[in-house]
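Going down the list, the protein sequences come from chains A and B.
For the record, in the first sequence the residue sitting at position 464 is 464 according to this note's numbering, with numbers rising by one throughout.
With positions in the second sequence counted from 1, the corresponding number in this note's numbering is that position plus 1000.
Quick caveat, the hints were computed from the structure, so don't treat them as lab data.
Don't take each hint at face value.
Stated by the list, open to error - Quick list of in silico lysine-lysine cross-link-like pairs, PhoX-like style, CA-CA up to 25 Å:
1) Lys470(A) with Lys460(A)
2) Lys31(A) with Lys112(A)
3) Lys470(A) with Lys37(A)
4) Lys112(A) with Lys68(A)
5) Lys418(A) with Lys495(A)
6) Lys1457(B) with Lys112(A)
7) Lys1457(B) with Lys31(A)
8) Lys1457(B) with Lys169(A)
9) Lys1165(B) with Lys1154(B)
Unchecked claim - Here are a few chain B residues that face chain A, going by a calculated C-beta distance under 8 Å:
10) Leu1400
11) Met1405
12) Ile1412
13) Glu1423
14) Val1434
15) Tyr1445
Since this is a predicted model, take the numbers as computed values, not measurements.
Even glycine gets a Cβ: it sits at the ideal position worked out from N, Cα and C.
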Amino acid sequence: MDLISENLLTILILLPAFGGLAVLGHSLYWKDDGHLKWITLGFTVAAFLISLLLLSGTPGSNGYMFEKNIPWIQAIGTNYHVGVDGLSLWLVLLTTFIMPIAVLSSWHAVEKRPAAFYVFLLLLQSAMIGVFVSLDLLVFYLFFEASLVPMFFLIGIWGGENRIYATVKFFIFTAFGSLLMLVAIIALYYLHLQATGTGTFDLLTLLASLESGKLAFAAPVGTLLFLAFAISFAIKVPVFPFHTWLPDAHTEAPTAGSVILAAVLLKMGTYGLMRFNFPLFPEASRELAPIFIVLAIIGIIYGALVAMVQPDMKRLVAYSSVAHMGFVVLGMFSFTEWGMQGALYQMLNHGISTGALFLLVGFIYERRHTRAITEYGGISSVMPLYATFFVFTTMSSIGLPFLNGFVGEFLIMVGMWKSTILSITDSANWNYIATMFAGTGVIFAAVYLLWMVQRIFFGKLTNEKNRGLKDLTYREIGLMVPLLFLMVYMGVYPKPFLERSRDTVVAIQERVMRQAGGTVDHDEHTAKAE
Amino acid sequence: MQLADPNVNLTIILPEIIIAVAGVVVMLYDCFFPRNRVLTGAVSLIGIGLAGAALAWIWSGAGGVPVTAWGGMVTHDNLRLGFTTVFLLVSALTILISTVWVEQEDVAAGEFHALLLFATFGMMLMAVGNDMVVIFLGLETLSIATYVMAGLRKGDLRSNESSMKYFVLGSLASAFLLYGIALVYGATGSTNITEIAAKIADPNFPALLLVGAAMLIVGFGFKIAAVPFHVWTPDVYEGAPATITGFMATGPKAAAFASFTRVFVIGFPFIAGAEAAGYLHQAWITVMAVIAILTMTVGNIAAIMQNNVKRMLAFSSISHAGYTLVGLIGAGFAATTAARDEAVAAVAFYMLTYAVTTLGAFALITLLAQRNDRRAEFNDFNGIGTRSPVLAFTMALFMLSLLGMPLTAGFIGKVLVFRPALEAGNTLLTVVVVAAVLNTAISAYYYLRLIVVMFFKERTTSWTAPQIPAAVTAAIIITVLGVFYLGIFGNGLIEKFSRSVTVAEAQVK
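Chain A with its partners taken away, still in its complex shape (with noise of 0.2 Å):
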């Protein structure tokens, strides 16, 4: 038991790297495609009750579970170190919890290749787990990148017609970003040299030299040190005005992609600025978070607004995940409790909503394949129990209170007006004009959502094709139901939630706002639903 709990990181990480292993084995051997997708959903599912065991851990002084940290390449000074905390921990959950259902969603649906597909699918869940729990800047940006493989290979090759195209884009993107990443990460190590004699990607060691003064930061270096950090994750959030890449991979990816792609790859981005940039940099985070507010604020009015136009339904989707995420940013460099909380929370919201959505227009999907809002209509009489998730998920996305989504946006839009980061004197506060713009987000939501649930459901039964259209299977609904379950359950007692990552996140937030001398409020309690 003490061997699993110590390496019970290392042994999530390789778990599904073993999976594929596993599946290629088979695939090779046998020759025999049919238990493919059984040991796959066996590797994603044990992982998941594996990483329930995280949340038996108690933080260690440093606010660290499961940490592990070993020499990895001593010649560049990297180690291998790992561990979660209250941030880091929701999301390797979330993404152990999304996995098998991504598996069951394709179920049917992959003909071409299964055992490459299964072999990505696994590796990608090695890569993603490997981001939310790395400690050391090497092996985090390692882990970063070597998630961008697996998910191109997945768009290219199980992809829709203009599946190259996107999945080129989605690469040199995401790609292109990170690679600023790195530069900061080494420029990092070499100031940390010359400051302290010893060079490291640590990032314990690194925030230790900072808190201590040892490490400082002149006046452009951190600037720029910080725009190399946020725009690699600005764009794999994506923020405005480099989202253009999200609409095409996503309407392109396979429903297990997109899926994962809403669920979890957008989320190593905003992890990233919290984990990295708000830490390391707290006076550039301060003075840049206006520029990011607004940037926040037109993904989310410009997602929703181009969201509403869309004929295709998947990518009506994909732009409300613009719109979503500007909601996280924005929570986050409101840099209050609830803004940050309300940013971790939204952040699971979405991937539980969002990756719903995308797969019931995957269901759809396989049914009918096509995905225009206009060939439906009126379907509800004929899949009713498809037209109940439907709708159901869409109260969740907007925000309906008592679902989940609900309690994310209120404690962000409440964080964003309590905050003080836009006040340019005692008088002149933007905040409260930011939340107002932000809000109109929200109704902009209800709008094309409840638009399109209106030209798909509703009315009359238009379209001859869809007469014969068969409501959810079993599998199909086996599937909804957990998510259906977490949205309510999120949206009633977001307290086990909050709790556990609230000491992080109020760490966090106080990082960056006690050198401005500003106001540390410390709100009584952010669990707000009784």
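Once you have looked at the hints, place chain B on chain A.
Chain B only, in chain A's frame:
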């Protein structure tokens, strides 16, 4: 004048001797019993293996090898160790890969193996030589063997053109180099690198030194295919048989880098307070920085526009010369000897990662393109991901390593060469590194393009999966393992490459 003790030491050049002897044996054997390609190949491999063992033996310090010998003409340091490893590996892999080509096209294998061993001998001289004369000897031995190898496909016009072009332009470059050596000799009164390094603080004719250094940059720049001395590369690489192209893109390039590093980083160091040396140092660093940026950018942009995979890899090899130059410049800026050794090791390690990856890629191209490299266009690779998945995934791996994806050799190589340049904290060098990184992003396009055509496009024409001879399988397995090994467990090797073996250290052992 008293004659100095020439310090004759055969142990220090044992690997070189073994390779030369193996070359002679293969050549003689081929004279009397021609056309036994298995035997000559085996003898060559054994020779390379023995040379490797000898290198490892003196590396361990067991032979009690001095730092310099033969009157200071050869030296035993980490630069020599690192680069010689690269050369031996390149030759061994080239022999393994060449089996398919030799069989398909009925090439005179004995000649080829002998030439390859002599070329290897030349490369090893270039790394071990601590004197401009030895370096030049090595370079010429290497070049003449390579000129012939490029034209081995006698009936093919493109191969002839390739050989001729390489010969004419290569001779021109050698002339530049020789002129540079003469001028530096005129300025410093020595051809010995160590003595030059001591003398540049107060040279006889500072102007001659600068002109000489410029000539040397032209000469070496040609050999490593740096922009603007690169124009020969695409034609020569495309025309030569793929196996030879793979060799030329890795071996001679690494050898040129070995001497380039030796002459500039060790021969023209920065000496505090010395005006002439400082001026020279600043001049060559600036020139090389400009060359590095040009090389990376031109190589990458030209690579994007290619439709032939061999030509694409030719331009990619140009851009990789640019990345390696970044490491060389970083080594030139190193503040301490230890830092310099580390940076030199980084350059050698980069060449190793690049060689392993590129040779693997060329092995696959030799297999896939088939006789006379007829099918080396991008279109010819359409959809082979489904037909020959193992080969296609291996090719994809090599492309990702060339691109520098983490967990592959290419990534560690890139980090290592960019590091010393960033460490300098100099604005120019930081600009160079940023340019290198942006170029890496550009390069994603054409490396991915091959993956895209292999996996995402449908094949319209018929495809017969190639037969893979055992030797090529071995080469591919070695390169694949190498890509992962260097990418994940490269630590031990980097440390060995960075460590200067000194007599004192050897005696302690």
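Quick rundown of the hints versus the structure:
Only pairs whose Cα atoms come within 25 Å are accepted, and Lys470(A) paired with Lys460(A) is accepted, the gap being roughly 17 Å. Taking the CA atoms of Lys31(A) and Lys112(A), the gap is about 14 Å. The hint holds against a cut of 25 Å. Of the pairs offered as hints, the one joining Lys470(A) and Lys37(A) holds, with about 24 Å between alpha carbons and a cut-off of 25 Å not exceeded. Between the alpha carbons of Lys112(A) and Lys68(A) the distance comes to roughly 40 Å, so the proposed pair goes past 25 Å and is violated.
This hinted pair checks out: Lys418(A) and Lys495(A) have alpha carbons roughly 21 Å apart, not beyond 25 Å. Note on Lys1457(B) and Lys112(A): the hinted pairing holds, with a Cα-Cα distance of about 13 Å set against a maximum of 25 Å. Note on Lys1457(B) and Lys31(A): the hinted pairing holds, with a Cα-Cα distance of about 24 Å set against a maximum of 25 Å. With a C-alpha separation of about 16 Å, the suggested pair Lys1457(B) and Lys169(A) falls inside the 25 Å cut-off, and the hint holds.
Our distance criterion of 25 Å between C-alpha atoms is met by Lys1165(B) and Lys1154(B), whose separation comes to about 15 Å. At its closest, the beta carbon of Leu1400(B) sits 7 Å from a beta carbon of chain A; the interface hint therefore holds under the 8 Å criterion. Residue-level restraint check for Met1405(B) holds (minimum Cβ-Cβ distance to chain A is 6 Å; threshold 8 Å). The restraint placing Ile1412(B) at the interface with chain A holds, with a minimum CB-CB distance near 7 Å, inside the 8 Å limit.
Because the closest C-beta pair between Glu1423(B) and chain A is about 5 Å apart, less than 8 Å, the hint holds. Contact between Val1434(B) and chain A, as hinted, is supported at the beta carbon level, the nearest pair being about 6 Å apart and thus within 8 Å. Annotation: interface hint on Tyr1445(B) holds; nearest CB of chain A at approximately 6 Å, less than 8 Å.
In terms of the numbered hints stated before, the structure departs from hint 4 and from no other.
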